[in-house]
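Residue numbers (our numbering), protein chains in the order written: chain A, 61 to 356; chain B, 614 to 840; chain C, 47 to 249.
If you're looking for bench data, these hints aren't it; they were derived computationally from the structure. One should not assume that every hint holds.
To be verified - DSS-like cross-link-like pairs, simulated, lysine-lysine; straight-line CA separation at most 27 Å:
| # | chain 1 | residue 1 | chain 2 | residue 2 |
| --- | --- | --- | --- | --- |
| 1 | B | Lys686 | C | Lys103 |
| 2 | A | Lys124 | C | Lys103 |
| 3 | C | Lys128 | A | Lys128 |
| 4 | A | Lys304 | B | Lys803 |
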Amino acid sequence: MSTRRFVPVQWSSQVTRKAAGLLTAGLLLGVSAFASPRRQEQHFKVDARPVITIHNPNGLITVKAWTKSEVMVISTLASDQVAVDAEQMGNRVDVSTHGLSDSLSPDDMRTDFQINVPEDAELQIHNDSGSVSVANVMGDMNVETVAAGVDLEDAAGYLTVKTVGGSFQCLRCAGRIEVSSISGNFRLIDLRSYHVWAQTSTGNILFNGEFLPNGTYSLKNYSGVIEVRFSPADSFDMSATSLKGKVNNEAKLTPPTHQHHFVPKWGNALFGTFNQGRAKVELTSFDGTINILKRD
Amino acid sequence: MAIIKCEEFLSRFEPWMEGERHADIQAHLRNCPHCHAIVNDLNAIQAEARSWSSSETDAPERVWTALREQLEKEGLIRDTVLDSKRSGRQAASARWLWGLFGGVPRPVLAGAYLAALIAVAFALSGPIHKKVNEEKWLEGTRIATSPLRAELNTAEQNSALSLASSNSDVSASLHQNLAIVDNYIALCEKSVREDPQNEIARDYLYEAYRQKADLLAQMSERGENVQ
Amino acid sequence: MPEADAIRLAQQGDAAAFERLYRLHNRRVYSLCLRMVGNTAEAEDLTQEAFLQLFRKIATFRGESAFSTWLHRLAVNVVLMKLRKKSGTESSLEEITEPDEESGGPRRDFGGPDLRLSGSIDRVNLQRAVEQLPPGYKSVFVLHDVQGYEHNEIAEIMGCSIGNSKSQLHKARMRLRELLHEALRAKAREDRKAASADAGGED
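Sequences and hints are given; from them, build the entire structure.
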């Protein structure tokens, strides 16, 4: 079911003389001629809602949606000491990178992927370092990285992202979003999500999106800044608590009217209702600063 | 009430079959044997089909046998007890984790630490009005978390060794973030000691332990893969 | 083991949890497949394929629908893909390719001979008739009338609207009625032929 086209750049018969030149240059520069990147392309026919998994130690992963019922995987491998396996089982495509010998440097292991998937694909991506970008994919997604940054645009579905130090940016996304990190910063812009749960320890969180009626928005960090922007038409119930830091608020909140509202007893806290209080917003920090600001 | 003809009845009787009742439809059915027969036929089909569910049987056992083989082949399932081949190859740094939790994957490992902490906290989390309760809570927390901290420290040392030869960017990031979490734990512990009743500080402390367990599990995984 | 625990453990690869989920749901899935394809060998293959797909994707299950609904959606998709491959056509899940449907209403069959079906329907002839239904009709009929799913559940399983589910069910039943009537008429003709052959033989 897969069509594989392997295009090793340096094997073209037209560049034989160039290869000799490259080898000389390589020797002079101390760079091995066999370190030229290799490009590999594979195609897989799939049905509705395919599942695509990618395991990669280091590199740039770019995933985009297209209208074909097909998954295309283009991998660019930095060295010949690394290989990419891409296999299809039913409606699932698994892509993984592995080293062919021990003690490879991160540069040797580097593999970049450009992957096109149907719009309703579900993605599971593990990429330790480099970056992950996904655009226009509407299926559920699970992305885990250590140091790689994650960038989602126009995504929907159940989106879960976990990084250790990588940053996270989400533009114009919908559905549910759950993101956690230790030191990564989060930018959540123009969201139309009904559930956002974002937690980072020392990173900053910027939320500048819609508060949908009945939506729940929970932003939490240990230190750093949590900044939330609102517009006059928004409607939310807000609780903002910083145990040892500050809470700065530009929203005119009315005191809560319901009896069982949790009242934090510690730190700097404010809580109240903006307009009809349709969405629920919880902002928590240990010793960071919480800013609730009007949208420009 | 308007009298309807067969043609109109046929174009409108789908909702009738779903339980909607209209007087004109009812009247037509009373007076038209042909349309009445159609409704009877559909009811008979439905009744016969409904009786099929009582004779449903399980799939033959060979279906499960073949399915299980395929799942094992694809590596989608494993037994909770480690097989001997795997334990022989395991890095010493990861053994303590697997030994404690029998090969339980990372999210459950991290959850296990958190569960242990929460169990202790709930056991002592009644209304803390009296100083006696407060002291009990502090002591209880210390008892619960001391072995946990010791385990985490040991795991940290083992994980550091195993990470020596892995991706240096990743290794650096993991170490750096481990230091962040350690600092975070120290500050949260200090807050909890100063104000044991502070639920927010306790929540942050538990979260910090969970993060540390998760990080260490990630470090061990990478060390294991390298070996 | 409760289903929720089994799902959670299965997401972590636990073999016993997988088996538990299989034991809980295999009967309905197998029955669905059997009703749709009409033979046990294919039904077994399809059951295995449906569970295989389920277990491959179980890590992505987030509990936003009932687990059984999610499983049945997978099973229906597996069966429909198989049926489409058999028919050699790429048809949509909501295929209703009956020529008489152009008018948007059920076939006008009044004025024909009034054979009563009640008393003539049995498992064998109804099963044969179900096998002749187009895949879309068959799915809705089996899910609703055989397995007892409500229209809102079928809409979720099939990825269609509730109105669509009701409409397809009605058309499925009307088509079954026609098929059963044709079978009855064919049997009546056979009986008449046999009777006249006997009468001729006696002479």
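request  = Against the structure, test the hints numbered earlier, and report the numbers of the ones violated in rising order.
outcome  = none
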